[in-house]
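Chain A is already provided as a structure; the job is to place chain B on it using the hints.
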Amino acid sequence: MSNYFNTLPLREKLNQLGVCDFMDSSEFLDGVNALKGKKLVIIGCGAQGLNQGLNLRDSGLDVSYTLRKEAIEGKRDSWKNATENNFTVGTYEELIPTADVLINLTPDKQHTSVVTAVMPLMKQGATLSYSHGFNIVEEGMQVRKDITVIMVAPKCPGSEVRAEYVRGFGVPTLIAVHPENDPQGKGLDQAKAYCVGTGGHKAGVLKSSFVAEVKSDLMGEQTILCGLLQTGSILSFDKMIEKGIDAGYASKLVQYGVEVITEALKQGGITAMMDRLSNVAKIKAFEVSEELKTIMRPLFQKHQDDIMSGEFSRVMMEDWAAGDKNLLAWRAATGETAFEKTPAGNVKIGEQEYFDNALLMVAFVRAGVELAFETMVEAGIKPESAYYESLHETPLIANTIARKKLFEMNRVISDTAEYGCYLFDHACKPLLADFMTKVDTDLIGKNFNDGKDGAVDNRALISVNEVIRSHQVEVVGAELRKAMTAMKSIKTA
Amino acid sequence: MSQPVVHIARFNLKYHQKPVLQDLSWVINRNDNWLLCGSSGTGKTSLAKAIAGLIPVPNGEVKINFNPESSLPALVHYVANWYQFKDLEGASNFYYQQRYNSSVTVTTATVIAELEVYGKEHRLQFEEIEHILEALGFTSLKNSPLIQLSSGEHKKLQLVKALWLKPQLLILDQPYNGLDTVSRKNLNVLLEEIASAGTQLILISNETELPAVINRFAEIREGALKEISFEERALDLVEEISKPVPSFLNNVSVSSTADHIIKMIDVNISYSGKQVLKNINWEVNSGEKWLLQGYNGSGKSTLLSLIAGDHPQAYSNNFYLFGNKRGTGESIWEIKERIGLISPELHWYFDASATVWQSIASGFYDSSGLFCNPGATKHKQVEELIQYFGLGEYKNRLMNELPLGKQRLTLLARTIIKNPEILILDEPCQGLDQQQTQHFNKLVDELCKNGTTLIYVGHFESQLPGCLEKRILLENGEVKSVEPMLQTI
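As given, the protein sequences belong to chains A and B, one line each in that order.
Residue 3 is where the first sequence starts when you use the working numbering, and the numbers rise one by one after that.
Residue 278 is where the second sequence starts when you use the working numbering, and the numbers rise one by one after that.
The following block holds chain A by itself, in its conformation from the complex (with noise of 0.2 Å):
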């Protein structure tokens, strides 16, 4: 198998990565009809399985589960849960060939093999759908030119995708058919009615490609979701320690910090986040941000070129054959820093604490975010795309942080982001070793304002505001909040 992307002729390549539509909600009209009556098999049957499951059932479609023949037999997690919620379980060999709509809801590492297996056993004319599409376009899996292929991708861990399914509303979705595999023509239609059956429809779906989904979820799970936050929270950790702030204090300003922050990113994009900043404060954030920007500017395009060309796959798929060599020991030295060591203090921290004491951390994510959208819009990606992948799914990530700090983070999301995540960390340290000897407590630990009389030249501030309220990812991003300004708050701590 060879990269699929890498295949296509240069136009092909543009055209994949520009499928970027928005949908109106009239698109779902047809409810859940694509499916009725048609016998949905889930493969695997965790979170984000069971989750699915539970709310396609209760939209009224026929949903049961397959298992490999020894997670039966040995009567594992996956068998409990899909039993005991009273699905239909079931051998490959059993289940497979009566599947209309076989979804695959493995774990990525595990596609090659899964779908290897299944593929001899799936009946002429079926549908096989994806949750992620590293498998097709990295890793350049063939399907069987009969089989309809999709997308169906919650942009929300699975206990959410049930907790709004049963509120009676739904998470952010992205769907796709894969171009290769649409024979008859029923790609798109199946994907709608899934998304009306998982309560997607409610808050928003965008349609989007294999090739775009892949290229830039990689993009953003490794640049700003995952690998600047965890730069961020130990260069801000490590910071107040060598000043003299209070370990308990420092270890609780960035666990929560991150979240608190991101909740304002969150209800209205980097405007929203700036303005919780005093006009002072919020000058000088913009400062910080823009010359963070300039410094990981190329190590963000680095990223982005070794997505693009396959050489992140080439050399994540050398470790996965190696046994997850680098991995597990990246993984082993995140859990031993002092910050992850470091247990959040008992101490009070108020609301507005969080951004008055903590301008480096909203500096890293205004950096992060923007410099993430700029490279996935400059690289041929949509800026649609390049919001879910950038700031819209920040806050997602920074509440796992807030639960467990990052190695609670790094299990949660998918081997593939937590390697980018490791890459990216392991090269930006070092280029922000200059930028942090000059950062001092007034950025990090303690409350910018002090000693300040709060005055501020109107222009500057005029025009700061205008850079800030004027980039691209704030005038999309409005567009599409809009669809989901109903996703629930996150509570601080």
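Quick caveat, the hints were computed from the structure, so don't treat them as lab data.
A few of these clues could be false.
What the hints assert, rightly or not - With a Cα cut of at most 30 Å, we get these calculated DSS-like pairs of lysine-lysine:
| # | chain 1 | residue 1 | chain 2 | residue 2 |
| --- | --- | --- | --- | --- |
| 1 | B | K363 | A | K82 |
| 2 | B | K555 | A | K82 |
| 3 | A | K77 | B | K291 |
| 4 | A | K406 | B | K438 |
| 5 | A | K350 | B | K397 |
| 6 | A | K406 | B | K419 |
| 7 | A | K343 | B | K602 |
| 8 | B | K540 | A | K40 |
| 9 | B | K613 | A | K40 |
| 10 | A | K350 | B | K291 |
| 11 | A | K350 | B | K555 |
| 12 | B | K419 | A | K350 |
| 13 | B | K695 | A | K38 |
| 14 | B | K613 | A | K41 |
| 15 | B | K295 | A | K82 |
| 16 | B | K551 | A | K77 |
| 17 | B | K655 | A | K484 |
| 18 | A | K38 | B | K363 |
| 19 | A | K40 | B | K340 |
| 20 | B | K551 | A | K484 |
| 21 | B | K295 | A | K350 |
| 22 | B | K363 | A | K41 |
| 23 | A | K41 | B | K602 |
| 24 | B | K419 | A | K82 |
| 25 | B | K340 | A | K350 |
| 26 | B | K602 | A | K82 |
| 27 | A | K38 | B | K602 |
| 28 | B | K602 | A | K406 |
| 29 | A | K82 | B | K655 |
Unchecked claim - Here are the simulated distance ranges between beta carbons:
| # | chain 1 | residue 1 | chain 2 | residue 2 | range |
| --- | --- | --- | --- | --- | --- |
| 30 | B | K747 | A | K77 | 53 to 63 Å |
| 31 | A | K77 | B | I389 | 21 to 31 Å |
| 32 | B | P521 | A | D79 | 37 to 47 Å |
| 33 | A | I297 | B | H293 | 41 to 51 Å |
| 34 | B | E398 | A | K77 | 53 to 63 Å |
| 35 | A | Q112 | B | N558 | 39 to 49 Å |
Stated by the list, open to error - Covered stretches of chain A (in silico footprint by chain B; criterion: 3 or more residues with CB under 8 Å from a CB of chain B, positions within the stretch not fixed):
| # | region |
| --- | --- |
| 36 | 18–24 |
| 37 | 429–435 |
| 38 | 465–475 |
Idealized CB from N, CA, C, for every residue including glycine.
Relative to the frame of chain A, chain B by itself:
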């Protein structure tokens, strides 16, 4: 004469710039055990929290003098009218159907693990707890995860902790909410026990069956605390609301097209081998008015969750709703559209970011929170109901900032707004005072004249709507009896 245990002087409290408590004074002496009553929103809970040191006292004085000779912990312990629990990662982002799902991912601690942590924190003796668990019928729940407890069971867990702690001063805010009759009696016995061992009590409640040790009575009216007599305490203060039922809810026939609204044939529900419903057979015909009763933990809310489309095990049972077998292509939203539901769990898990207006309007869509613009007609209906329930001044406030009673009125409005074919009212009046309860039950009678099917859960015979015709009693997950209701109610 020893110093008073609690001495409050010139205590003032405002809610959104509006004075709630004004220059309030209260002296609590040793051997006093008080009942504090008053209608919803008079500031009872805030006063209790101020005594317990849970909210700041910006204005006035609240002094506590513990007894240095007492062997009991020198603590004021406040048992809130609202329970809280967290998952193992410290978050409490739950949804109310979650307890019916079965997932191997352990999300919350078990009862016993929770109690062990609590006991360690307060250095309590484990031998002393068995007797409390026994009296409140909690022994069998020791190994249940917190997420699986019903609201009544959560209330009991709060009470178990407080009774085990035996602080010098114990404040219980609406402790009887959600408890069945036997548990209420046993709670009173337990409270008498700790009172005789030296714990002083303040009870916030509008109930009439109280522990015998309660010897002082007070009510809050117009911002001041006033001592009243034993006889005066149950008198209602709120003027009778006699507004006409909004016309869009009245005289509109809602009888169902299906003869059998519900038909259950040998329905069984179990989690990991533990059976919670056993061979349930039950038929509800269109227009019937049912009372569903049973002790806490008898399976009532599980049974109702099946009807409301909230239970995943509905799919493996022989069970018909509105004439159709469950699991034959219907979606839960098609089911919910025909049902108006309220329950303590729905209230507890309801969207905290919704305003009163949005919460009521969400009843049109059966969602927890509002996700679309309801349009002019529905807009007007929401406004009418807001006026009817007297919630006008609160309509743009977040629901969870309101006193419990007002929150409940909001959700009651949400439940009836679409005038559904079937009303499922699971302890609908929890947290309301007696007058509000009577008033709501009269409204239920009114609504049900038009063919509505009703399933009502209530522990107290004196607090039920008059239209109920039949009673089903559950015990340990089984149908104990089905019988007609006596006309006298």
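Status of the hints after comparison with the structure:
no.	hint	result
1	K363(B) with K82(A)	holds (24 Å)
2	K555(B) with K82(A)	holds (21 Å)
3	K77(A) with K291(B)	violated (58 Å)
4	K406(A) with K438(B)	holds (28 Å)
5	K350(A) with K397(B)	holds (24 Å)
6	K406(A) with K419(B)	holds (28 Å)
7	K343(A) with K602(B)	violated (55 Å)
8	K540(B) with K40(A)	holds (27 Å)
9	K613(B) with K40(A)	holds (24 Å)
10	K350(A) with K291(B)	holds (25 Å)
11	K350(A) with K555(B)	violated (49 Å)
12	K419(B) with K350(A)	violated (34 Å)
13	K695(B) with K38(A)	holds (28 Å)
14	K613(B) with K41(A)	holds (25 Å)
15	K295(B) with K82(A)	violated (55 Å)
16	K551(B) with K77(A)	holds (18 Å)
17	K655(B) with K484(A)	holds (22 Å)
18	K38(A) with K363(B)	violated (38 Å)
19	K40(A) with K340(B)	violated (69 Å)
20	K551(B) with K484(A)	violated (45 Å)
21	K295(B) with K350(A)	holds (29 Å)
22	K363(B) with K41(A)	violated (38 Å)
23	K41(A) with K602(B)	holds (19 Å)
24	K419(B) with K82(A)	holds (23 Å)
25	K340(B) with K350(A)	holds (25 Å)
26	K602(B) with K82(A)	holds (25 Å)
27	K38(A) with K602(B)	holds (16 Å)
28	K602(B) with K406(A)	violated (45 Å)
29	K82(A) with K655(B)	violated (44 Å)
30	K747(B) with K77(A): 53 to 63 Å	violated (43 Å)
31	K77(A) with I389(B): 21 to 31 Å	holds (25 Å)
32	P521(B) with D79(A): 37 to 47 Å	violated (57 Å)
33	I297(A) with H293(B): 41 to 51 Å	holds (48 Å)
34	E398(B) with K77(A): 53 to 63 Å	violated (37 Å)
35	Q112(A) with N558(B): 39 to 49 Å	holds (46 Å)
36	18–24	violated (count 0)
37	429–435	violated (count 0)
38	465–475	violated (count 0)
Going down the numbered hints, you'll see the structure goes against 3, 7, 11, 12, 15, 18, 19, 20, 22, 28, 29, 30, 32, 34, 36, 37, 38, while the others check out.
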